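Asker: So the chains spell out like this:
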Amino acid sequence: MEKRLASLTSLSLGFMIIGIPRALIYWKRPYFWETFFESLGCKVILSPPTNKEIVEKGVKVADPETCFSNKVYWGHLLWFEDLEEKVDYIFIPLLKTNQEKLEYCLKFFGIPDLSKILVKTPILTETFDEKKEKFGKTVERLGKNINKSKKEIKKALTLSFLKEKELKKQEEQDFFEKAHSTQPKIVLISHPYNLYDEYVNLRIDDKLKKTGAQIIFIDEVPIKNIKPPELAILETEAQKFHWEFGGEILGKIDEVLKYNISGAIEISSFQCGCDAVLKEFVEKKIKQNRIPFLYLLIDEHTGEAGFQTRLEAFIDTI
Amino acid sequence: MKISFPHFGNYHIVFKTLFEGIGCDVVLSEKTTVKDIEEGAKISPELFCLPLKVNLGNYLHALKRGVDTFFMWENIKGSCRLRYYWMIQEKALHDVGFSNIKVLNFNGRNFFPRIKEIKEKNRTSWCRVIKTFLLSYQKLKLVEFLEERARWLRPREIIRGETEWILIDTLKRLDRLQTGKELSKLKKEIEEKFQKIKIQNNISPFEIGLIGEIYTVVDGAVNFDIEKKLGEMGAEVHREMSLSYFIKQGIFPWREWKIQKKIKPYLRSTVGGHGADAIYEMLNYVKKNFDGVIHLLPFGCMPEVTVRPILEKIHLESGIPFLSLSLDEQVAEAGINTRLEAFVDVAKNHHNRKTT
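Line order of the protein sequences matches chains A and B.
Reminder that position 255 of the first sequence reads as 255 in the numbering used here, one-by-one numbering, no gaps.
Reminder that position 65 of the second sequence reads as 1065 in the numbering used here, one-by-one numbering, no gaps.
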């Protein structure tokens, strides 16, 4: 009886519409949250892929010194404000620590609170801190905020996990296909929000493909049970990266180096504080293996022509 | 083993006493100059924050005096880049050819074991170590007392620069003295000296709060002596950020919880560094009805940049004049002066409107 009532009310009210900005934290878990909310019976609206308008909007409101990726995120967020069909909630999780109890970039911590200053639409948020609470429990609380029962949430979660697994499998297959090809292979090292956002990285993979190279995203590299490798600068006292991507990227570089790589490109957004640290170690690792290395900075002023020239020069060295 | 460490405001006096007391041979670089900062920036990673570059500038200076080991603080609690300073600094020094230089990391966890290790190596007695700690603590207290008095006196003094002169002289003497007895003598003397300074009695100077990242707030060489400048323009400057604040926060975690509770409407999570403290302090200054808040940060400092929109929001809500200054190796003193002068005018107006 209760169930029927619930379904009736939701019908009369229509679907709950949830907006997810397609930038930054979205790319940490693409498709996962979409599937989750859709299987809960919500309608999900993603902001469109990044375009010039969105970047301009973001740059206008952002603090001039935050990283470029953050500026892009504000642009996506403001896109929902100008939308004709208003969304009920914008979903912005507060990502603090991940499963391995490693921290996310500290700029993620402030995103939900800073968003509240920018937009009037209510924000759906929950703190994902696995040092204190298991992922499942946090999601349960999140579901409670939009009046969903435990059962529904559990079901939606399993569906989303399945979908994520499927994608990972596909990725893995792609990777092995690429890794065993005879073309020169180039690794793109960056954060997922720079790799998959085609506007932000100026379609670097298309440009490289035209030259006949095989592109491997560092994100696709499969590694099982990554333990954050220790940064053995001082052999006596090695210290771990406390950032979630630090250990992961370094581990994946180790893995990918086994496949006879002919070049590596690191892309980082301007004013990314984490990359300033990470670059030192990535560069060291790659140069030790005598592989050509190119470091590219992207921001709102990056010109396509300049990018192209540098890429071509890099390809010539390989 | 000749050791050195980067400059940090006037606290080099404290660190010097501490490390000399446990038997180290301390060689300090001279006070940070513009040239040091430039040279440090040359060899450091481009996108790193300013303190690392300034530290490297200090190191390069000290290396000319035969130093082979540097001490660097490592922040294991927060999520800011200070955690990786010692590694990056060591790598940067190795890259330019100083391949047998070591940068030792000190953090909350290994501080006492490290001290013990050094003490045993140098065969210092426990008695001397404890005495050293006590003396360092007293010196720390005195340095902060002097700075606080100077902040209060500067806008009130009749002969401009008198306070500054006494401050510099006392700090020099404090640096040289070795025992607790001498220290208490100096303390008495200095109180008398401060009392002798002629002040204008019946004025109420406008008050400005300094908030932001600890290094840029505390170190006069990096922030172009902002305290002195503001003081001489007639402002009473207040700041909470200091070394003892930092130490207290490290020892007593509930201070952080308290801050977190207070700033919850604005920020629900910590952002590392002193981001949360900046919001808390600004709210405090608004409550105390100050005439202006100046936010200091190194260019691109992750926590401070994250909280800056929130500070701006508080500024818009309360109407308190607010100025945010990002410092990096390319900032020139003249530019800062102009902005400060303009800001002081705004703060003065705010003060006058309040009193009339």
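Hints are computed from structural coordinates only; laboratory data are not their basis.
Given the structure is predicted, the values throughout are model-derived calculations rather than measurements.
Treat the hints with caution; some may be incorrect.
[Claimed, not checked] Cross-link-like lysine-lysine pairs, in silico, DSS-like; alpha carbons within 27 Å at most:
1. B/LYS1198 / A/LYS120
2. B/LYS1229 / A/LYS96
3. A/LYS132 / B/LYS1258
4. B/LYS1248 / B/LYS1198
5. A/LYS131 / B/LYS1198
6. B/LYS1313 / A/LYS120
7. B/LYS1229 / A/LYS28
8. A/LYS137 / B/LYS1313
9. B/LYS1248 / B/LYS1077
[Said to hold, decoys possible] A few chain A positions that, by computed beta-carbon distances, are all more than 10 Å from chain B:
10. LYS52
11. VAL55
12. LYS86
13. GLU103
14. PHE109
15. PRO112
16. ASP113
17. ILE117
18. LYS120
19. ILE146
20. ASN147
21. TRP243
22. ASN260
23. GLY273
24. LYS279
25. HIS301
By construction, the Cβ of each residue, glycine as well, lies at the ideal position given by its N, Cα and C atoms.
Asker: Look at each hint and say if it fits the structure.
Answerer: Status of each hint after checking the structure:
1. B/LYS1198 / A/LYS120: violated (55 Å)
2. B/LYS1229 / A/LYS96: Given pair B/LYS1229, A/LYS96 is violated - Cα atoms ~40 Å apart, limit 27 Å.
3. A/LYS132 / B/LYS1258: holds (19 Å)
4. B/LYS1248 / B/LYS1198: violated (35 Å)
5. A/LYS131 / B/LYS1198: At roughly 57 Å apart (the allowed maximum being 27 Å), B/LYS1198 and A/LYS131 break the hint.
6. B/LYS1313 / A/LYS120: holds (15 Å)
7. B/LYS1229 / A/LYS28: violated (47 Å)
8. A/LYS137 / B/LYS1313: Roughly 33 Å separates the two Cα atoms, so the pair is violated.
9. B/LYS1248 / B/LYS1077: holds (14 Å)
10. LYS52: holds (23 Å)
11. VAL55: With a cut-off of 10 Å, A/VAL55 remains clear of chain B, as the shortest Cβ separation is near 18 Å.
12. LYS86: At about 23 Å from chain B, A/LYS86 clears the 10 Å cut-off, so the statement holds.
13. GLU103: violated (5 Å)
14. PHE109: violated (4 Å)
15. PRO112: violated (7 Å)
16. ASP113: violated (5 Å)
17. ILE117: Non-interface label fails for A/ILE117: nearest chain B Cβ at 5 Å, not farther than 10 Å.
18. LYS120: holds (14 Å)
19. ILE146: holds (19 Å)
20. ASN147: holds (22 Å)
21. TRP243: violated (8 Å)
22. ASN260: It holds; A/ASN260 is separated from chain B by about 28 Å at its closest Cβ, greater than 10 Å.
23. GLY273: Nearest chain B Cβ is 4 Å from A/GLY273, so the label is violated.
24. LYS279: violated (7 Å)
25. HIS301: The claim holds: A/HIS301 sits with its nearest Cβ about 16 Å from chain B, beyond 10 Å.
Checked against the numbered hints above, the structure breaks hints 1, 2, 4, 5, 7, 8, 13, 14, 15, 16, 17, 21, 23, 24 and satisfies the rest.
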